[in-house]
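Once you've looked at the hints, dock chain D against the given chain U.
From first to last, the protein sequence lines stand for chains U and D. Under numbering that gives the first Met the number 0, think of the first position of the first sequence as 0, with each following residue one higher. Under numbering that gives the first Met the number 0, think of the first position of the second sequence as 0, with each following residue one higher.
Hints are not guaranteed to be accurate.
Claimed, not checked - Reference listing, derived: stretches of chain D covered by chain U, where coverage requires no fewer than 3 residues with Cβ under 8 angstroms from a Cβ of chain U:
(1) 224 to 230
(2) 263 to 277
(3) 309 to 321
Simulated from the structure, these hints should not be mistaken for lab results. Beta carbons are placed, not taken as given, at the ideal position from N, Cα and C, and that holds for glycine.
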Amino acid sequence: MELNTQRMEDFKGIYKYLVIFIGLGFFMIFIRLWSLQVIKGTDLRRLSENNCIRLRENPADRGIIFDQKGRILAHNRPSYEVYLIPEDLKMNPGVVHEVAKLLNIPPEEIEEKLRAQKRRAPFKPVKIKSDINWNELVRLESNRIHHPGLFVDVRPRRAYDHGELASHLIGYLGEIDENELKQAKEATYRMGTLIGKYGVEYRWEDVLRGVDGGRQIEVDALGREIRPLGTVEPSPGNNLYLTIDLDLQKIAEEAYQDKSGALIAMDPKTGRILAMVSKPSFPPDIFARNILPEEWKSLVENPHHPLQNKGIQGQYPAGSVFKIITAIAGLESGMITPDTQFFCTGAFHYGNRDFRCWKEGGHGAISLHRAIVESCDIYFYQVGLKVGVDLIAHYANEFGLGQVTGISLPHEKSGTVPSSSWKKKRFGAPWYSGETLSFSVGQGYLNTTPLQLLMLISGVANGGKLFLPQVVDKVEDIYGNKLKEYPPVELRRVNVSEKTLRIVQEALRGAVNDPHGTGWNCQLKDVKVAGKTGTAQVVRLPENFKKGDMNRMPLKFRDHAWFVAYAPFEDPKISVAVLVEHGGFGASAAAPIAKKVIAKYLNAEPSPPIKMLEKQSEFDYAD
Amino acid sequence: MQIDRRLLIHFDWTLLGMVLAIAAIGILNLYSATAKMEVSGTPLYLKQIFWLLIGLMVMVTIAFIEYRSFSDMAYVIYSIALFLLIVVLVYGIITSGAQRWVKIGPLSFQPSEFVKLSLILALAKFFHRPPERKGYSLKHLPFPFLLLFVPMILILKQPDLGTAIILLLVFFSILIFVKIRWTSLLTIGLAGASAVPLLWGFLKEYQKKRILTFFNPDLDPLGSGYHLIQSKIAVGSGGIIGKGFMKGTQCKLGFLPEQQTDFIFSALGEEWGLVGSLFVLGLYFLFILWGLRIAVQAKDRFGAILAFGVVAMLFWHIFINIGMVLGMMPVVGIPLPLLSYGGSFMISTLIGVGVLLSVSMRRYLF
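Excised from the complex, chain U in its bound form (with noise of 0.2 angstroms):
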């Protein structure tokens, strides 16, 4: 190895400016430290021994939530909160009884709290009592100086003014857990942030919250404040305005009384959610305050799931309401026509099984138009039996069944479109006729959320083209400057044809508006109505069973009822989806709900009720 001793000297060469360099940096450490330790050295042990600075958060205020002309669904009001500094109250223990004293608590639950909270970074005030009253503040301010470790606070705090309205689009706060918190890219989320968990606060999370600010303060032994020495102010976070419309909604609300199932309405020619309902409904602040056990429970063991989001979360069979999708399969495939006729008994022998139709002693000899108006099963057994299930799920697909619709709102469900191959898949079992003839009536294994035939029904009503449902309208900073508007956005026309779907259109128009239409609970008197009823069945129900027997079973077995439609049939503005769980019929539990919503919309009246009363029982069960 060649030796470059000559070389070496060169380095020798540098190494006293090394040296004096390497000496100079720590000269100046040494500087830097006497100067700490020596000059300052009694200050600073002073402002250590009482631990002089301190932060004091100031949250920032959340964006407001409105409805689409500007009327306050979640904003933030003041609270007042109560604190201690366990630290200060070493010297004085006597200040938890008298501060127990003022808030007419036990003290027991004072130290309780203060327990509570062992990792908490030191000199952090403990939260005693969130939202005490005037009088509560009054007392515990006027005493204030005796007690040092105290103060009040003033904090926003997140108020749905409407209550449950619309409590699962809206959604709620929570305490952020410690998977978000590892997930937060921002510095600005602390254990404590409460963070959106559900509906829009939870998906407009990022536009709602602010940037928080707080102070560095220096405190004196008591720990009372002496100077700030630093600020940042809160930014408060941006506004919404959602496409809903709180009258509408209301009235929407309403309408279910105690039942329990999901309205969800939208402008079918924009996809803006006009109203989103779902039943029961759970009242959004309890989960920004510490929850109550028995509160937690009962939400979470209520047999009617409030915390679902059933318009979107909700999986249900779409009963008959699914016959707009084998009528026009049928059509589009060229198996029948308008004109074909099938002749319905009542009962369709297939296999060794008898396949029933709705009404007892059948239509007779029927041809489409009149077998969507009055919802004949016969009919569509038979379309669907020359379809074939392949088919008709193409065309199920091609609505957006089967899929999420894209919904700004979490948990969206895709539902299910069965068809051979899907089957085969699942099952590993081949796919039978039988089941074509349940599938082609909305049973079986199909599974569709509201939103899905909210938007099956606006896709007709709009002449095949599908809009993005959306919830919100615009973002607004605080000074009302619009940062971001959503306009509609088109997300497919259905191939279907023209022709077929104006047939379709007809005869959801007759559905209602004819006689003997299923759907004349949703008659309106100016206003032409268009749409189909459903009954989803919840269990397979035995083969001599009576359709009056429904009201004498267990409500968890009775069946739910649908009810879809748009309206002005001419120009539709509103199209709307109801589904009411174990609501039995279609007819008499769902589109009456329908018809409040659209009349309310449209400003039309009712139609007074004209049928006859004989007639009226038997429409009651009409699926």
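Positioned in the frame of chain U, the structure of chain D alone reads:
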């Protein structure tokens, strides 16, 4: 591997002694600083002892390897380090967060720590042929700059500003050590300075704010400004003789986010005062000077540059970390060798010491 008996005679016990002394102080200090911390599982000081023992074994192994054999593998080692860095970055993108760790079974380590050493190795390899009489000029430097920029950009993406700064400083230290022409250095300096406003324009508003805060913590009184003032109070409150072992309050209370890593020196200053701080500072000073001597007395250029690179890395770590704790420098995440808690850094530091030992004990061998 056969160990030459002459190697043992020349083993650098002084260097080892200094390292062990600092490491022992480090364990004691860590024990005190984290005594009140609630950590689930093994206490941090025990973990640190574990890492120290592993590191010492690696160090001794490295010391007895003929360092010239690293020369052949320099670019391979460099590529492996780079690959690990990319793995970390891709994995980080997938998990959507700053990602600096690679997990192998129960162990996780930070590839960026080893990138520092691999860059030093690659540069030593490149510069081991002597320059022309006047020194290196710009035309020699595109490749070394490439060696610097690739890992630096990857590390900045993590984002880990501290390590990127160390890479940059070590790089220029080595350039000066191997003799770069002054005109070239001036050109690079000017080019770098003129690129700053250009780059500034490309930054987004929030990034600018972050950088401004970085140089002036008063702009962020709730974040680094607050940490800095607490750190200064901690060190200053130690006074001349300190509050005594286990008697510190400031650091134990968790005012500082990285009390056991980046801000560990403030615990030392609080409990041992000026006397203790100067003692440790003095040990560091001797350690660095000793390393520098090893570098200039090395028997060949490769060894000299390798040793110098390690010394430069350790020096910048010590200088920037203590400067930051004392509020002389912006808060960047750079740990203090042998004192800060952290396995990867402990091991990479001791690998560096192993290299110094290796170069040191072979300086008389032919």
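**OP:** List, from low to high, the hint numbers that the structure doesn't satisfy.
**Re:** Structure breaks no hint.
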